[in-house]
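Undergrad: Given chain A, put chain B in place with the hints provided.
If you read the sequences in order, they're chains A and B. Residue 200 is where the first sequence starts when you use this note's numbering, and the numbers rise one by one after that. Residue 98 is where the second sequence starts when you use this note's numbering, and the numbers rise one by one after that.
FYI, nobody ran anything at the bench for these hints, they're computed from the structure. C-beta: ideal position from N, C-alpha, C; glycine also. Warning: the hint list may mix true and false statements.
Claimed, not checked - Residues from chain B that face chain A, not an exhaustive set, calculated with beta carbons under 10 Å: (1) ASN107; (2) THR231; (3) GLY233.
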Amino acid sequence: MKKTSSFGARSLRRARVPLIVGGVVLALALAGCSGAASSGGSTGSAVTVKVGLAVPLTGSLSAVGIQHQDGVNLAVKEANAANALGNGSTIEIEAQDTKADQAETIAVTQKLLSDGVTAVIGGTSTPEASVIKPRTAKEGVPFFLLASLDPTLNQPGVAYRAAPLPSSPGSADEQASQLLGKMKLKTAYIGNTVNNDGQKADAAAWTTYLGQNGINVLGTAGVNSGDTNFASQAAQVISAKPDLTVVSMLPGQDAGFVKALRDGGYTGTIASYASLSTPASFALAGETLTGTYVATIFQAQAQVTQTQDFVKAFEAEYNREPTYSNAIGFATAQLLIQGLKNSSSTADPAALAKATDAITSADTVYGPVKYENAQGYVNGELPMSVWKTGGVLAPWRS
Amino acid sequence: VDLFIQQCINGLSLGAVYAIFAIGFGLLFSTTGVLNFAQGLFATWACIVAYFLVEFVALPLPLAIIAGLIVAGLMGLGFEVAALTPLRNRGGGVLGPMVASIAIWIALLALAEMAIGQDARPMHGGVLESTRFTVGAITIRLLDIIAIVLAFAIAIALQLVMTRTRLGLAIRAVSWSERSARVAGIDAKWIFRLIIILSAVITAVAGMLDGFMTGSLTPQLGDGLLIIGFAAAVVGGVGDLRGSLIAGFAFGLLEVLSAQYIGASYRDAIVFGLLLVFLVVRPNGIFGRVQGVRA
Numbered sequence: 200m201k202k203t204s205s206f207g208a209r210s211l212r213r214a215r216v217p218l219i220v221g222g223v224v225l226a227l228a229l230a231g232c233s234g235a236a237s238s239g240g241s242t243g244s245a246v247t248v249k250v251g252l253a254v255p256l257t258g259s260l261s262a263v264g265i266q267h268q269d270g271v272n273l274a275v276k277e278a279n280a281a282n283a284l285g286n287g288s289t290i291e292i293e294a295q296d297t298k299a300d301q302a303e304t305i306a307v308t309q310k311l312l313s314d315g316v317t318a319v320i321g322g323t324s325t326p327e328a329s330v331i332k333p334r335t336a337k338e339g340v341p342f343f344l345l346a347s348l349d350p351t352l353n354q355p356g357v358a359y360r361a362a363p364l365p366s367s368p369g370s371a372d373e374q375a376s377q378l379l380g381k382m383k384l385k386t387a388y389i390g391n392t393v394n395n396d397g398q399k400a401d402a403a404a405w406t407t408y409l410g411q412n413g414i415n416v417l418g419t420a421g422v423n424s425g426d427t428n429f430a431s432q433a434a435q436v437i438s439a440k441p442d443l444t445v446v447s448m449l450p451g452q453d454a455g456f457v458k459a460l461r462d463g464g465y466t467g468t469i470a471s472y473a474s475l476s477t478p479a480s481f482a483l484a485g486e487t488l489t490g491t492y493v494a495t496i497f498q499a500q501a502q503v504t505q506t507q508d509f510v511k512a513f514e515a516e517y518n519r520e521p522t523y524s525n526a527i528g529f530a531t532a533q534l535l536i537q538g539l540k541n542s543s544s545t546a547d548p549a550a551l552a553k554a555t556d557a558i559t560s561a562d563t564v565y566g567p568v569k570y571e572n573a574q575g576y577v578n579g580e581l582p583m584s585v586w587k588t589g590g591v592l593a594p595w596r597s
Numbered sequence: 098v099d100l101f102i103q104q105c106i107n108g109l110s111l112g113a114v115y116a117i118f119a120i121g122f123g124l125l126f127s128t129t130g131v132l133n134f135a136q137g138l139f140a141t142w143a144c145i146v147a148y149f150l151v152e153f154v155a156l157p158l159p160l161a162i163i164a165g166l167i168v169a170g171l172m173g174l175g176f177e178v179a180a181l182t183p184l185r186n187r188g189g190g191v192l193g194p195m196v197a198s199i200a201i202w203i204a205l206l207a208l209a210e211m212a213i214g215q216d217a218r219p220m221h222g223g224v225l226e227s228t229r230f231t232v233g234a235i236t237i238r239l240l241d242i243i244a245i246v247l248a249f250a251i252a253i254a255l256q257l258v259m260t261r262t263r264l265g266l267a268i269r270a271v272s273w274s275e276r277s278a279r280v281a282g283i284d285a286k287w288i289f290r291l292i293i294i295l296s297a298v299i300t301a302v303a304g305m306l307d308g309f310m311t312g313s314l315t316p317q318l319g320d321g322l323l324i325i326g327f328a329a330a331v332v333g334g335v336g337d338l339r340g341s342l343i344a345g346f347a348f349g350l351l352e353v354l355s356a357q358y359i360g361a362s363y364r365d366a367i368v369f370g371l372l373l374v375f376l377v378v379r380p381n382g383i384f385g386r387v388q389g390v391r392a
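Just chain A, with the same shape it has in the complex (with noise of 0.2 Å):
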């Protein structure tokens, strides 16, 4: 008997069209790793507005999506209650889950059209958004944004994004680069998902204020959307001795890299985004997000009328805290609703669309906004937040 290290006696030229077959079946199924119910105008009789609601509801991204899900249904019930259309017209939500893919996006926002919606409310990823996009265009529907990042989508009369961008001008990134500017740090590297658009995006808009501030980035370690293993990334960061590392990473991913790094003895400041601010953050990275400063568009504590009332109500209805996925649902949702009340015919979705063009500034969730371009624009200073120990989030602004 010959002794060999195979351990297999099965000729591989047998197995190779299994093998074939099997890495087709493995890549195609991994890849997959994602109306007015009555027409009328404004006055007259009560009618019922139909918006569709596309979310992830299980999935990858489910935990996010459902966040969206009750901070809309919030927003919805609140109006409903205060009669906010008038002459006792109604909004009804219409919710399908994308399950986190995007063939599922696509079959789901066809339903939520077939079946007449005014408009349709969703992207909480950039790649869902950018399947639902061309075709509630197509069909001449307003689309709502959630948490898509991608500075390409909202569109003045096809798509809305009511939470500001964290690299728009103004808001989370150059309010935090100002306060990072302050504390004397040098040099940074930022941690990006480089596969992701919109964190792309967000990546350099942190190197361009960085920049503005006297910060230089020395370079970026990038990981996929994905990934989990974070060792060497976190080794590249840590051989460029940055005073400041940023990270601009998905949900989880970011919670991950600040781990790596801390554990891989980065002593240096990190910095990041209001992902970085749940509970959730902190049962996966612990004590080491202590001292990570978080750039957020909303935070519960804000001493904001708009913010406290949207808390008290999501307590009350929820019995928790908010999360800032919890105020992105609230916030696209107000501004839907804004756009219904001003429309000229409710549950038309061209009159909704020039209705919501039409609105510039709006008190919200993250205090005062202005729209342009359909886009939500921070108005004001933000509440930015840094991990005490213990898993306290506490105001930064100094």
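TA: Only chain B this time, still in chain A's reference frame:
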């Protein structure tokens, strides 16, 4: 130079995990002909069991790890008894077991999502995670050393079992010809069961290492290993222990060094481009044709 050495250590550590998974994955395929897509979920579930036992039952980590590995083995056994044996008896061919494994894969993934949700759960490795050795500017985690040692230990142990024991002889006999093995008095049914248990436990070891290295547990943990582990098994030559080991380490190094020196955006294209090249140029893996070993 320090950074290069550090990244090589990171790459070898990552590669060790891929190698272990590739060995477990390849063991089952080369001996039974079953391309098991549920293999990654066995690894995920081993981690889920260990996580729950530590977090909610306060079981000591070593016992939780052992329990997780046992559960993975039982899952493999369940798959064999419930699906593979009946399919084999009814002449299910190659595609039947493959499709069955896809069904198990999807079912176990859905159950994993129900069990732990979609947010990453912290997977703390205690002293395994926190122990580090520093040599100058180089940091080596205890987990890195364990992973590399385990990869070699599993490969060597499996090689010895396969070539030096009666059990190995029986396994090879069954893999060559089930009917002939039965004629020779070998209980093929139990050999098949033993193989899938062994295969599931080995891939679960890879899953545990990955969980502790990343400090996180998600339902997709095993799927990530399945992709690269599958690639490493193919490039190494399915069932070729030396090849799987070398290919696993090569993929780990390639992944880390390409991200460091070329860019993370190109990483997957490089890794899977290599897989494609190997399939075309050397379809039987690094060391060429896998030789049949007759009992």
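Undergrad: Now tell me if each hint is right for this structure.
TA: Here is how each hint holds up against the structure:
Because the beta carbon of B:ASN107 sits about 4 Å from the nearest beta carbon in chain A, less than 10 Å, this interface hint is met. Restraint check, B:THR231 versus chain A: the minimum CB separation of about 8 Å is within 10 Å; hint holds. At its closest, the beta carbon of B:GLY233 sits 12 Å from a beta carbon of chain A; the interface hint therefore is violated under the 10 Å criterion.
In this structure, the one hint that does not hold is number 3.
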